[in-house]
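Both chains are given apart, each in its own frame, so use the hints to dock them into the complex.
Chains as they are written, first to last, in our numbering: chain A, 1 to 682; chain B, 1 to 124.
Check the hints yourself; a few may be wrong.
Below, computed lysine-lysine pairings styled on DSS-like, alpha-carbon distance capped at 25 Å [said to hold, decoys possible]:
hint : chain 1 : residue 1 : chain 2 : residue 2
1    : A       : K318      : A       : K348
2    : A       : K219      : A       : K255
3    : A       : K255      : A       : K240
4    : A       : K178      : A       : K117
5    : A       : K510      : B       : K27
6    : B       : K23       : A       : K494
7    : B       : K98       : A       : K534
8    : A       : K129      : A       : K117
9    : A       : K441      : A       : K534
10   : A       : K157      : A       : K191
11   : A       : K117      : A       : K85
12   : A       : K514      : B       : K58
13   : A       : K378      : A       : K350
14   : B       : K27       : B       : K39
15   : B       : K69       : B       : K39
16   : A       : K494      : B       : K27
17   : A       : K514      : B       : K39
18   : A       : K510      : B       : K98
19   : A       : K366      : A       : K302
20   : A       : K300      : A       : K324
21   : A       : K87       : A       : K53
Derived by calculation from the structure, the hints in this document are not laboratory data.
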Amino acid sequence: MKFVSKLLKYFSNPRNNDSINPDNLHLESHTVFKNLIDNPLIGLYIIQDNRFKFVSKGWCNINGYTPEEVIDKIIPLDIVVPEDKDKVRSNINKRFSGELPFIEYSFRTIIKGGYIKTVKAIGNRIIYKGKPAITGTILDISEQSEIEQRLKESEEKYRSLIENSLVGVYIIQDHKLKYANNQFCRIFGYKPEELLGKISPNEMVHDDDKEYVKKNIEKRIAGKDNSLKYEFKGIRKDGKILNLRVLGNRMNYQKRPAIMGVLIDTTELIETENALKESEHLFRLLLESTPYPITVIDDKMKHIVVNDAFCKSFKLTKEETIGKDPFELNVIPPRETLDYVEKEIRSKGKIDNLEITLNIQDIEEKEFLYSCLRFKLKDEYLRLNAFIDITERNAIKNELIQHKENLEKLVQQRTAELDKSNEELKHINSQLENQKINLEKTLKNLHSTQEQLIQSEKMASLGLLSAGIAHEINNPLNFIHGGSIALENYFEEKPECNDNEVETYLNAIKEGVKRTSDIVTSLNHYSRNNENDKDSCNVNKIINNCLAILKTQISNKVSIKKDLKQNIPYISGNEGKLHQAFLNIIYNAIQALQSSEGTISIASWFDDKNIFIKIADTGIGIPKNIINNVFDPFFTTKEPGKGTGLGLSITYNIIKEHQGEITINSKENEWTEISVVFPIIK
Amino acid sequence: MADENNTLLYVDDESINLMLFDKLFSKNYNVITAESGFKALDLMQKHPEIKLIFSDMKMPEMNGIEFIKKAQQQYSDKCYYIISGYEINDEIDEALTKGLISDYFKKPFNMVELNNAIQKNLEQ
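This is chain B alone, in the form it adopts within the complex (with noise of 0.2 Å):
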């Protein structure tokens, strides 16, 4: 059973994915899923234990990018990923060159490459 400590935080608009990614890292993570960049904003406030967030990238209201940008004035300890059906565009390059996001995962996601990037932000 995952500590608090390893709370991750999945957002995605598409229900599938939020139910795939719980199933997927509940078993070694504490996942909290959250079907919109507001929704995911709450749900930080609720969980500051919340450790790592991982968006996906087009969502209706605010695309993941604004999402994080918001979050990240809030919660700027926190660890930042964006997993997008999407090729990586100008807006993901930039928020990767800033600092915005640690790194950014294409669907369909690689287990490893996630695991991998998890652990060593946990380590951390």
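Same shape as in the complex, but just chain A (with noise of 0.2 Å):
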């Protein structure tokens, strides 16, 4: 190419031209004309009157037309670009008028065939058969064109490749920066205006990395290293302290050593790797202080991450665990949980706290809460295994199950024996309850013996008293009564004073000792009270000595009907309880009265077997009710102090003890009827 180019020039030198002539050229170099004519690379041609007079071999290989086709035919604008005709039209134009008679460029051809190929000519003005004419070169530099526009292009390219790095590149040379990149520029915080040439790039390093930046600068320059990769501290325009990485090279620059080099801030990855360190070793420190088995297995089931406590537990080194499956490790579970494992992570991805049993190298069984999490991790699906071993809690929740059962069991014993004492105590309890109401009874019993014995030495006293009494009275009787005889047989001697009314006299007195010594006989029989039970007793003459003693306390609006049987027979008893007995039945008769108008009828009357007695009143009555209490020790209707309630019970006592029945039927406001029945004694 350089040699056709010099010939070229050579040729298309005015001086050398002038006496060119295409006809003439073999006269003075023929060989060497005709092998430039014949040249196939380089296409010679002469215009003139707007057509191509000639054109060479070359000419006709650049643009596929054969010289016949051209010549005198073609108008040489014809083939040129349109773009490009203005240009070569006033260059042609400049050659022939002779302005610039000598003329280099390039422009565009179209050959035959359409195609469009860049040339390079090289014209001159010459004279052809008398007439001014153009001869000309032209070179087919389509090739080197094109190479151009790619390197222009791919020049394009990487600058604009460099300008929009991500990372930083500069230039430095003579301690200056030439070039920086955008992202030089926002690494360090700069305007590109503001560096290039401007800052020392000495100034932007931090001064720890000073020394060490220059040197390694210098290093490059003087070309001890074509290629250095080193980190340094930078700063940036604000004054943060940068991480930096360079890789810097050596090249040469507009003819002199420079520096070119690439430039990463490294400071967020340093944060990032600094926290990924400590992410990593935190994690680290979280899988093995844990007292829980941890293991990661790729989706081959091989281990690939294993902690102590998995060790521990399983009792294998990592060096044993790390790339081996659990089959491998022989710590897998029953076939049946290994398949629900296999069907939950498939489904769900995860296993929460399943309770497993593991076989540890044959030596025993340990229970294990076990969790899976099935992830992905740079396009592998890894599981997470994670273990708690539960086998001593287990044993311990069974021991504390057992435990419970046997305390559950020692409860209901305890709660049977309970349930048997309290019964036992129930019992005993009711037993104390009769107990207590026999003691009350036996009180109440005690009180009315007491009141009984009290009303017994009552009447013993009264019996004393009245025994004395009377015996004192019937003395006098005596007196009186013999008297009164003494005076009757007196006045019977004396038939002059026996008159009437003498008679009269002693009767009245007679009359008087009789009623006194009634009552003074009612009141002895009524004292009687000897342990004697066998007296003959005459029930009329009783309820006589009865109504003998309570006759002021009977009102005279009281009418009494006696209506007793005579020759009544005797029962066996103690006549002085039975004075009291029927001395009780009458007064409560009295009192029923209340001392107004009423009749109490005593009637007596007898049998084969029995003697009967009643005494009826037309008192108040007593109450249906309370009918059947009247009997009852301390039952009285009457206010405290004023009866002790047991008139009708020492009564009942006495008939019960003579062998005798007592009723009582009332009806409340109208009357009281009470019937005693003796059985006779045989």
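What follows is the structure, given as structure tokens:
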């Protein structure tokens, strides 16, 4: 090419070419010209009268036409691309006019078939056949142009690439920044115009690394190291310290040594790295310090991570474990558990706290809470397994359950015992209750007995008293009685004094004596309370005695109707007590009448076996609801202190002691009737 | 006038009783009275004809039963009676049961009952 170009220039030189005439070429250097004309790469031509007058073999070769198709036929501008026509016309005109007789330029020509080629033309004005013409050579520079174009494009591309690169790119020469790309400016926080040629790269290095960086730059400039990769601390415009990593290359820039480098801000990277390191450290720490076995297995079930707790629990070393699957390690759960685990993981991607039993090296069985999480890391599915050893816990749990059962049994037993004790206590309690009732009854009876004793004592005292009184009264009565008989006898012996009047008086005395004697006798009877219950008692007599005693108590409004059967049989008993009994009955009858008008009827009769006594009054009667209580000790309707409530009770007891029966009937506000029956003594 | 076979002894510490008894019975019987048991025992010794003895019960020094017990020891062929202002008591009851006394009469005594008893006894 260089040769061709020289040749072209030579031929194109106006001084050399002035006399050149294609027709004369062979005259001067025929061989050379012949070769030149025949050179397929150099196109020679002559234009005159706006037509090609001559084209060489090379021209035809470039343009694809034969000389016959071109000579005097093709207008030169017709085969120039329209964009270049003006340029070519102007250059042709300039050459014709002689303004610029020698012009070198390139244009694009349309070759046969419509293709376009870029050609370089060097033209000159000549006189051809006595007329001005232009001769020129064209060289096909299509290829060259394309390369240039490509280079240009490439440069554009790389420039753009570098300008927009994510790494900082720079050129240092003479201790100055000759070039810095956008990213470099961004890293250091400057605008491009603030940097270039103005700031010494040294100023952008942290004091700590200044010496080191300087040395590195010098080393490269000096050509000791073509390429050097290192890290240093830079300073941003705002003063922030940057961690920078550079890769510098020695290069020639504008024909002098320079350094071109790329630079990465690793500040964030280092921070991230540190954070990662910390995170990993933490992760490791957690992994190794946790008491729970943790493993990570890959999609082929091979262990890729295991912690100490796992090794300890499963009696394996890390070396033994890593890269092996559970089958190889002989820590496999039962088939059904395995199937379940697989199913769960496939469907849910995880398992939470599944209770599993694992055989550990055929030494022991351990129970675990097993959790698994499937996760994706770098296109691979991994599994994170975590185990919680619950063997001991379960053992304790079972023990606790056992204890609980024992306790329950114990409680049941105790409860049963307690129930039994309770039953016994209840029984004892009810016994005690009964005893209490009995005691209360006994106490009541005791009270009753006491009262009766008091009564008896009273009666006994009254008996003694009445006996004494009776004796003292009976003697004077004997005087009166005896005296009256004596008087009677006296008057009988003296007929002159014997008249009715005397007899009347004596009878009055006798009646007085009789009545007095009756009262005294009844008192005596009443007081009789000896232990001898074998008296033969006449109930009529007893009733009469009682009436005599109670005579003063009986109001004159009350009439006593007596219907006592004569010759009534005796009954065996204690006369004193019987008096007391009937005295109480009759006294109650008197009180029932409450001093109002009324009748007390007393009747006695008998049959073969029994003696009957009926004492009735037309008094206030007894309410139905209390009629069953009237024989109870201390039962009284009287105001406190007015009655002991013992009267009918004593009566009842006395009648019973005499094998008798006593019954009571009453209609409230109308009447009361007491019946007594005694067996006859045989 | 009563003969010796109808002799009665009446013992009582009350003189009025003695006087009245004498007045009432001396018409038909020979009545001897004594104001105490001791006196009565003396009189019984002096008058062995005494057939019936009536004694009060309550007397100082010696009561009726005590007196009769003593008298019975010496004169068991005679009839003894108690006439008392008291009601019959255990002591009298026992005396009746043992036959120490033939009967018991209460003061003021009934002339008819007494007469009946005397008559019944004297007829034997």
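Status of the hints after comparison with the structure:
Taken as a hint, the A/K318 and A/K348 pair is broken in the structure, with Cα atoms around 30 Å apart against an allowance of 25 Å. Only pairs whose Cα atoms come within 25 Å are accepted, and A/K219 paired with A/K255 is accepted, the gap being roughly 19 Å. Simply put, A/K255 and A/K240 have alpha-carbon atoms about 36 Å apart, too far for the 25 Å limit, and the pair is violated. Our distance criterion of 25 Å between C-alpha atoms is broken by A/K178 and A/K117, whose separation comes to about 39 Å.
Taking the CA atoms of A/K510 and B/K27, the gap is about 21 Å. The hint holds against a cut of 25 Å. Taking the CA atoms of B/K23 and A/K494, the gap is near 16 Å; set against the 25 Å cutoff, the hint holds. Taking the CA atoms of B/K98 and A/K534, the gap is about 17 Å. The hint holds against a cut of 25 Å. Restraint check: the Cα-Cα separation between A/K129 and A/K117 comes to about 30 Å, which exceeds 25 Å; the hinted pair is violated.
For the given pair, A/K441 sits about 31 Å from A/K534 by alpha-carbon distance, which is inconsistent with the 25 Å threshold. Distance hint between A/K157 and A/K191 is fulfilled; the C-alpha atoms sit about 23 Å from each other, no more than 25 Å. Proposed proximity of A/K117 and A/K85 is supported: the alpha carbons are some 14 Å apart, at most 25 Å. A C-alpha spacing of about 22 Å is found between A/K514 and B/K58, which places the hinted pair at or below 25 Å, so the restraint holds.
For a cut-off of 25 Å, the pair hint linking A/K378 to A/K350 stands: about 19 Å separates their Cα positions. Using a Cα cut-off of 25 Å, the hinted pair B/K27 and B/K39 holds, with the two alpha carbons roughly 23 Å apart. A distance of roughly 15 Å separates the Cα atoms of B/K69 and B/K39; the hinted pair therefore holds under the 25 Å criterion. Between the alpha carbons of A/K494 and B/K27 the distance comes to roughly 15 Å, so the proposed pair stays at or under 25 Å and holds.
Pair hint A/K514 plus B/K39 does not hold up; C-alpha atoms about 32 Å apart against a cutoff of 25 Å. For a cut-off of 25 Å, the pair hint linking A/K510 to B/K98 is broken: about 35 Å separates their Cα positions. Our distance criterion of 25 Å between C-alpha atoms is met by A/K366 and A/K302, whose separation comes to about 22 Å. Distance hint between A/K300 and A/K324 is fulfilled; the C-alpha atoms sit about 9 Å from each other, no more than 25 Å.
A threshold of 25 Å between alpha carbons decides the hint, and for A/K87 with A/K53 the separation of about 21 Å falls inside it, so the pair holds.
In this structure, the earlier hints numbered 1, 3, 4, 8, 9, 17 and 18 are contradicted, and the remaining ones agree with it.
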